[in-house]
Amino acid sequence: MTTTSSTSALPTGIDRDALARQVAADIPAGSFVNLGIGLPTKVANFLAPDSGVMLHTENGMLGMGPEARAEEVDPDLVNAGKVAVSELPGASYFHHADSFAMMRGGHLDICVLGAYQVSARGDLANWHTGRPDDIPAVGGAMDLAIGARQTFVMMNLLSRDGRAKLVPECTYPLTGLQCVSRVYTDLAVFLIEPEGVVVRDLFGIEYDDLTALVDVPLVDGTGR
Amino acid sequence: MTTTSSTSALPTGIDRDALARQVAADIPAGSFVNLGIGLPTKVANFLAPDSGVMLHTENGMLGMGPEARAEEVDPDLVNAGKVAVSELPGASYFHHADSFAMMRGGHLDICVLGAYQVSARGDLANWHTGRPDDIPAVGGAMDLAIGARQTFVMMNLLSRDGRAKLVPECTYPLTGLQCVSRVYTDLAVFLIEPEGVVVRDLFGIEYDDLTALVDVPLVDGTGR
Amino acid sequence: MSRVIIVDDAAEAVADTPDGAVVLIGGFGSAGQPVELIEGLIESGAKDLTVVSNNAGNGDHGLAALIREGRVRRMICSFPRQSDSWCFDEKYRAGELELELVPQGNLAERIRAAGAGIGAFFTPTGYGTPLAEGKETREIDGRGHVLEYALAGDLALVAAHRADELGNLVYRKTARNFGPIMAAAATTTVVQVDEVVAVGSIDPEHVVTPCVYVDRVVPVTRTLAPTVAAGVAR
Amino acid sequence: MSRVIIVDDAAEAVADTPDGAVVLIGGFGSAGQPVELIEGLIESGAKDLTVVSNNAGNGDHGLAALIREGRVRRMICSFPRQSDSWCFDEKYRAGELELELVPQGNLAERIRAAGAGIGAFFTPTGYGTPLAEGKETREIDGRGHVLEYALAGDLALVAAHRADELGNLVYRKTARNFGPIMAAAATTTVVQVDEVVAVGSIDPEHVVTPCVYVDRVVPVTRTLAPTVAAGVAR
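Chains as they are written, first to last, in UniProt numbering: chain A, 1 to 224; chain B, 1 to 224; chain C, 1 to 234; chain D, 1 to 234.
Think of the hints as simulated: they come from the structure by calculation, not from any bench.
Yeah, the Cβ is synthetic: ideal placement off N, Cα and C, and Gly gets one too.
Just so you know, not all the hints are guaranteed correct.
Stretch by stretch, here's where chain A covers chain C in the computed footprint (C-beta under 8 Å, at least three residues) [stated by the list, open to error]:
{"hint": "1", "segment": "37-43"}
{"hint": "2", "segment": "205-216"}
Short, incomplete list of chain D residues facing chain B, as computed with Cβ under 10 Å [said to hold, decoys possible]:
{"hint": "3", "residue": "I42"}
{"hint": "4", "residue": "E43"}
{"hint": "5", "residue": "A116"}
{"hint": "6", "residue": "N168"}
Just chain A, same shape as in the assembly:
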């Protein structure tokens, strides 16, 4: 992969909270959703309390509530990131095989994951940098990526050195093939569709400037 540093200053799009709000707004009421650790966790803060969205955590719970307040912390009740959480009415607990059956069997509507790279056909790389000195760890990423009916990715469009993370082919080790349906970034929302990668929303950037940043053929869907 060659360095394709942009000639101008990097554009600034929406911030992480605004991005989480975008994702939350696209989750239909009553959906069953798994939010990956890191950035996707923020989405929970922007789900309307009456939306009836139920959160799944792969360590064996449906109906997960917000992070536990200090006095509520229970070492037996944690989320996938091992953070103490709470329980909502209507919750249920189950063992790990049942939890991943729920995921792999296609029963969750949406999962939201972070990513190192997403390819134009929806391949995902988010578990391993591939650097030889890194200790690899995959957790539930591969199960989540291929298990939910729709996999949304949340990430900054550009890496710290200014390269787009939406790529023709992933160069990082893959998490799953053709599994991502949407990519929410600070600069744009992309839909991975049979016709190609459709740009649905732009945040603080013009369409032509976006196409210059991304080495993937895009379809302008902003006017739809």
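With chain A fixed as given, assemble chains B, C and D onto it according to the hints.
Same frame as chain A, now just chains B, C and D:
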């Protein structure tokens, strides 16, 4: 298969209750046991109340009690034969996949089944006569036969027309290969062992008369 | 706002069943058989059905009636023949109904696999028997195994004991049987229950079927269960 | 007289663990990790262990201590690297410990398969990724699947909440995680619990692990759980 009707009157061994008592006496205290429908069900009547033997029924229960008395009948609580039963303290319920996992995973110590035929190497035939006008039905027989750590068979040694049901090779459709470890019959108890078929007990018949009835090489273990 | 819908009328709950559907029907004999939903399915008029159920009906009600009405083209089950399976027996002997016989544990595991997103599995059950004929086999750890594929449904009809308003389910005793695995293995799952309770009334530790597997809940007053006959069949 | 044995001392309960054993250890991070049993295992002196656990230890207690003491030759897990996995990190980087990385759902399903007598299964998870390299694959219903084999243990160490005197178990909240499937997948299963109650005290509908899967029960007073750190890892 040629008819090998015996020239003398058929011997009479022990009756069904006595046979059930024999099997019960060989079940170690604390065992987890599945009793097949029909004759094996009788074994429950001869288990000592303090033996701690726990009965499994494949329709999702461990800790099954005796048949329900009239006033106890609950349509939601039946055994594998669909007969109303009762629940003992320490019982548990689980769904069908978990119930057969328990069986197939080798967690039951003993299952006791009826049989049409058992072969000298422990093959079992007990689910289908193979007659073209019969409606085949297998139920849990194949899972039980191969699932328990030991499979005991209970049957009359001879069919109604006087042919031994312990055979060199089964002619009826098979239920499982090399799965039977013991055969309890009205005339003798047989152990299927690496060295061959060992006769452990005789009931109202001499060893030489038994060998004349059975077309399988036998090892006399009655004096052990 | 959960997506489960509480429907008062059993017929309405299954009215959209298309001809040719694969229908998973819970129950072990009469225990846990969703009789009222099956009667609704008869009312719906759906035909050419493939029915997956452990047995093939008892007496003249529920699954037996569905078969008697000629709606079932194919039965996938482990134990069709029972002392009171005369509706099935007649159709089968008349050649009006196909039968796929599956060992009970393989049937349960195939249904479980469909719900769990497992494409197929190697099981020792049935190896070397006529029910494994034509199937792929493999020796694993010195033991013969048969490859069995997942078995999914378009519709599952399940009888549970109690649902909360979100659709979380608990069952009663051995009526649990195929309910939890069938609820997870169908595109649409319709559950009849003895009662619907408020959200929060079921302890999260005690939920057997989480609400994600349930689409429609129908509260019913159970009709009298058929007499439990002794020593029938597995 | 059930065969379960109630043992007061954690070290005694695992004292017979041989060198080279495959040990399934429950827990997801600290939740459900049987810390007291692992400390007993350290006391036992057993070494060259293969440990199957979702993570590879947190802080300096329990599984982390077992690793630090050099007793683990091989880890089979999904997520070794965490902010507090320094014991593992050091041994791994020093080349003193092998790692087999398995996607979490495949890990759970392989353990479940061992307990359920399923030899192997085709799963879509991992297909086309480096973690499926060298494994048999097959397209089923248009989707790529990977063949994964059952993963059994010689010993399982599990933390449950409560046992009755027969060994029936219930768990608490997300501490349930790998407990039920590991209890079923090992030759010998040792369970630490917060309390032992009389037979009949647990409703048969609520039992999560039936007593048939449990060999030894050790009542423990839990040591203080490590601080729950925010945003560590999956």
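- request: Give me the numbers of the hints this structure contradicts, sorted from smallest to largest.
  value: Structure breaks hints 1, 3, 4.
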